[in-house]
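**Student:** As they're listed, the protein sequences go chains A and B. The numbers in my numbering rise by one with no breaks, and the one at position 108 of the first sequence is 108. The numbers in my numbering rise by one with no breaks, and the one at position 79 of the second sequence is 79.
Among the hints, erroneous ones may be present.
[Claimed, not checked] One-sided and incomplete, this derived list gives chain B residues near chain A with beta-carbon spacing under 8 Å:
id, residue
1, K58
2, G62
3, D64
4, A123
5, V170
6, L182
7, I192
8, R234
9, F237
10, S245
11, I262
12, D295
13, R298
Hints listed in this document are in silico derivations from the structure and should not be mistaken for laboratory results. The model shown is predicted, which means the values in this text are computed figures rather than measured ones. Built from N, CA and C at the ideal position, the CB exists for glycine as well.
Protein chains: 2
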Amino acid sequence: MFKKVCIIGCGLIGSSIARAIKKNKLAGKIVSSNRSKVTNKKIIKLNIVDEASSDTKKIVKGSDLIIIASPLSSYKNVILKIKNSLKSGAILTDVGSVKKNIISLIEKNIPNNVSWISSHPIAGTEESGPESGFSELFKNRWCILTPTKRSKAKDIKSLKKFWKKLGSVVDVMDAKKHDYILSITSHMPHLIAYNIVNTALKIKKKKDRNIIKYSAGGLRDFTRIAASNPIMWRDVFIQNSDNTSKMIDKFIENLKDLKKAIKNKNQKKLEKIFTKTKKIRKEIIEAGQDINKPDFGRK
Amino acid sequence: MFKKVCIIGCGLIGSSIARAIKKNKLAGKIVSSNRSKVTNKKIIKLNIVDEASSDTKKIVKGSDLIIIASPLSSYKNVILKIKNSLKSGAILTDVGSVKKNIISLIEKNIPNNVSWISSHPIAGTEESGPESGFSELFKNRWCILTPTKRSKAKDIKSLKKFWKKLGSVVDVMDAKKHDYILSITSHMPHLIAYNIVNTALKIKKKKDRNIIKYSAGGLRDFTRIAASNPIMWRDVFIQNSDNTSKMIDKFIENLKDLKKAIKNKNQKKLEKIFTKTKKIRKEIIEAGQDINKPDFGRK
Numbered sequence: 001m002f003k004k005v006c007i008i009g010c011g012l013i014g015s016s017i018a019r020a021i022k023k024n025k026l027a028g029k030i031v032s033s034n035r036s037k038v039t040n041k042k043i044i045k046l047n048i049v050d051e052a053s054s055d056t057k058k059i060v061k062g063s064d065l066i067i068i069a070s071p072l073s074s075y076k077n078v079i080l081k082i083k084n085s086l087k088s089g090a091i092l093t094d095v096g097s098v099k100k101n102i103i104s105l106i107e108k109n110i111p112n113n114v115s116w117i118s119s120h121p122i123a124g125t126e127e128s129g130p131e132s133g134f135s136e137l138f139k140n141r142w143c144i145l146t147p148t149k150r151s152k153a154k155d156i157k158s159l160k161k162f163w164k165k166l167g168s169v170v171d172v173m174d175a176k177k178h179d180y181i182l183s184i185t186s187h188m189p190h191l192i193a194y195n196i197v198n199t200a201l202k203i204k205k206k207k208d209r210n211i212i213k214y215s216a217g218g219l220r221d222f223t224r225i226a227a228s229n230p231i232m233w234r235d236v237f238i239q240n241s242d243n244t245s246k247m248i249d250k251f252i253e254n255l256k257d258l259k260k261a262i263k264n265k266n267q268k269k270l271e272k273i274f275t276k277t278k279k280i281r282k283e284i285i286e287a288g289q290d291i292n293k294p295d296f297g298r299k
Numbered sequence: 001m002f003k004k005v006c007i008i009g010c011g012l013i014g015s016s017i018a019r020a021i022k023k024n025k026l027a028g029k030i031v032s033s034n035r036s037k038v039t040n041k042k043i044i045k046l047n048i049v050d051e052a053s054s055d056t057k058k059i060v061k062g063s064d065l066i067i068i069a070s071p072l073s074s075y076k077n078v079i080l081k082i083k084n085s086l087k088s089g090a091i092l093t094d095v096g097s098v099k100k101n102i103i104s105l106i107e108k109n110i111p112n113n114v115s116w117i118s119s120h121p122i123a124g125t126e127e128s129g130p131e132s133g134f135s136e137l138f139k140n141r142w143c144i145l146t147p148t149k150r151s152k153a154k155d156i157k158s159l160k161k162f163w164k165k166l167g168s169v170v171d172v173m174d175a176k177k178h179d180y181i182l183s184i185t186s187h188m189p190h191l192i193a194y195n196i197v198n199t200a201l202k203i204k205k206k207k208d209r210n211i212i213k214y215s216a217g218g219l220r221d222f223t224r225i226a227a228s229n230p231i232m233w234r235d236v237f238i239q240n241s242d243n244t245s246k247m248i249d250k251f252i253e254n255l256k257d258l259k260k261a262i263k264n265k266n267q268k269k270l271e272k273i274f275t276k277t278k279k280i281r282k283e284i285i286e287a288g289q290d291i292n293k294p295d296f297g298r299k
C-alpha cells in the first residue's frame, strides 16, 4: 500500500502497527523514530522495523505514511521536528486518544501538500513498550478517523483501507464528538480505576498485605486498567480536561445518590439500578466487544 | 467428612460448594433447600445434590454441616425456620460477604449445642444461578472464617479443613476487621463499577450504540462486575453501610483531588499517582490473585 511508512514512537501501539504492516505486507519499508537509543536498537533486533533512529527529521524523509504514536504531550515537539521534512502528498496520522486540541495544533504547522487525518484505534493492553505489541491487536477493534481541514478525500479513503487491513472496523466522526464519547467509554473508566486503586493504597498500611490478598473480591479487575501507561494517561486527562471534569461531576452526583439509597436501605432503588447495569454486559458481548466467558475466562 | 450436608440456597456459590463436595467425596449425602421449585428440580436433574426441597425446616434435619448460601436479606427468615431443626453438635456456617450484623442475628437465635462459624469464600463470577457453578471455583482463593461466641474450637478446625479440601486458602479474622477490609477490596469496587456503568447509561441516549461500540476503551471491564447478582449486592451494601459510606467519602475526596490536578495540568502529580497504582498489579499477579496475561488474556 505504501512505499515507506514512518512510525514515530514504537511502544505498544506503534510496534503493533509495525508488526501488522509487516505481516500483511502493507509497506516496502518501515522505519521508526524514538528518543531512546535502547528502543531503537531493540526494535531493529526484534525485526519490528527496518530502520530506526532518534533523528526524527532525517528518518521521516520520503515517507508516504507517517504515524505519530508517541504521547500527546510530545506532539508539539514532533511536528516542529518533521514539518519541513514531510514529502508532498504524504499522509500524516496519529493514534492519540484525544483529538480536538491536537488537530488544531498540527493543522497550523504542516505544509499544504500534506494530508492530516487523525486516527484513534480503540485497542491496547495494560502493558507498554515495543516488546508488548502484537500484530493482532487491532483485530475486530474500532478505529475512529477524525478528518481535519487538512484531510484530502482520497487520503481518507486510503487510510480507512489501511486500518481495515490491520483488522480494524473503521468509523468516522468529528473531533468534538470523539472526545466526548471517549470520555465516557474510556477516559472516565481509566480515571476511576486509577482512583479506586489509589484510594485502596492510601488506606493500606505499610506491609499490610490484605489489599493484595483479598483483591480477587473485585479490586483486581481495576488494577489491570490502573497499570496502564502513566505518561499516556496523564496526557489524555489533561488534553480532555473539560469533558473529563464534567464526567467526574456526573459520576460523583450519581455516587452520592447511591450512598443515600444505601443509608436509607432503599432496596428497591439499588436493585433497579443494579439490574439495569447487568443488561449492558450482554449487549457488549453480543457486539463482539468482550469475550463471552465468565470472569474474563480466568477459571 | 460429614454424613449429611445441607446447602440453603443453591446459586453460583452454593452449587459450586455442592459440586466440590461431590467431586471430593466430602459428604455421604448433600441436600439443598430453595424457595423456587424450579431450582429444586433443576439441581436434582443436574445431579448437583441428592435431595432438594422448599421445606427448609424438614430437609435441614439430621445435617452435620449446614451452609447458608442465600442472600443476606434472607438470613432472618432462614434462621427462624431452621433453629428448632438443628441437630445437636452440628456446624452452621454461611458464605455471606458481610459479617458483623448477621453474626449477632444468628448468635441470638441458635441453640447452645450448635457451632456457628461464619465463612466468606472470596470467589465468584458475574454469573448467577446453579447452572453457573463449578467445582473449581474456590481453588487458590481465600476463604475467611469469622468465628463467633458460638463457635467451638474443634469445629473451627473441622470447617477450616473442609474449605481447604475445596481448594481454598483459609484465614481467620474478626467480623469487624473483615467488614472493613472487604469494603475496600470488594464492596467499594463493585459499587464503583455499578456507578460508572449507571453513569454511562444515563448519558447514553436511546438507540445510541456508541457506549457499546467503543466500550473496549475501558468501560467493558467494569460491565463485568456491574453484571453481578443485583440482590446479593443490594444486600451487601445495606449490611455494610457504614464502611461503604466512609469509603465513598474517601473515594470522592481523592477523585476531586485528581480533578484539580487535571484542571491545573499538574503533570507531575498525575504521573506520580499513576506510577504508584501500576506497581500493585504486579504484586497481585505475584500473589497468584490474578492471571499473568495482558488484557486478562483476551487476545
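**Student:** The structure should be examined with respect to each hint, and the outcome stated for every one.
**Tutor:** Verification of the supplied hints:
Given hint, K58/B at the interface with chain A, is violated; its Cβ is 29 Å from that chain's nearest Cβ, farther than 8 Å. The restraint placing G62/B at the interface with chain A is violated, with a minimum CB-CB distance near 34 Å, outside the 8 Å limit. With a cut of 8 Å, the hint placing D64/B at the interface with chain A is violated, because the nearest CB-to-CB distance is about 29 Å. Evaluation of the A123/B hint against chain A yields a held restraint, the C-beta minimum of about 7 Å falling below 8 Å.
Hint status for V170/B: violated, given a least beta-carbon distance of 12 Å to chain A, over 8 Å. Restraint check, L182/B versus chain A: the minimum CB separation of about 6 Å is within 8 Å; hint holds. Annotation: interface hint on I192/B holds; nearest CB of chain A at approximately 5 Å, less than 8 Å. Proximity of R234/B to chain A holds as hinted, the smallest CB-CB distance being about 4 Å (cut-off 8 Å).
Interface restraint check for F237/B: the shortest CB-CB distance to chain A comes to about 5 Å, inside 8 Å, so the restraint holds. Annotation: interface hint on S245/B holds; nearest CB of chain A at approximately 6 Å, less than 8 Å. Annotation: I262/B was flagged as interfacial toward chain A, and the flag holds, the nearest CB pair being 5 Å apart, inside 8 Å. Annotation: interface hint on D295/B holds; nearest CB of chain A at approximately 4 Å, less than 8 Å.
Checking R298/B against chain A: minimum C-beta separation of about 5 Å stays under 8 Å; hint holds.
In terms of the numbered hints stated before, the structure departs from hints 1, 2, 3 and 5, listed from lowest to highest.
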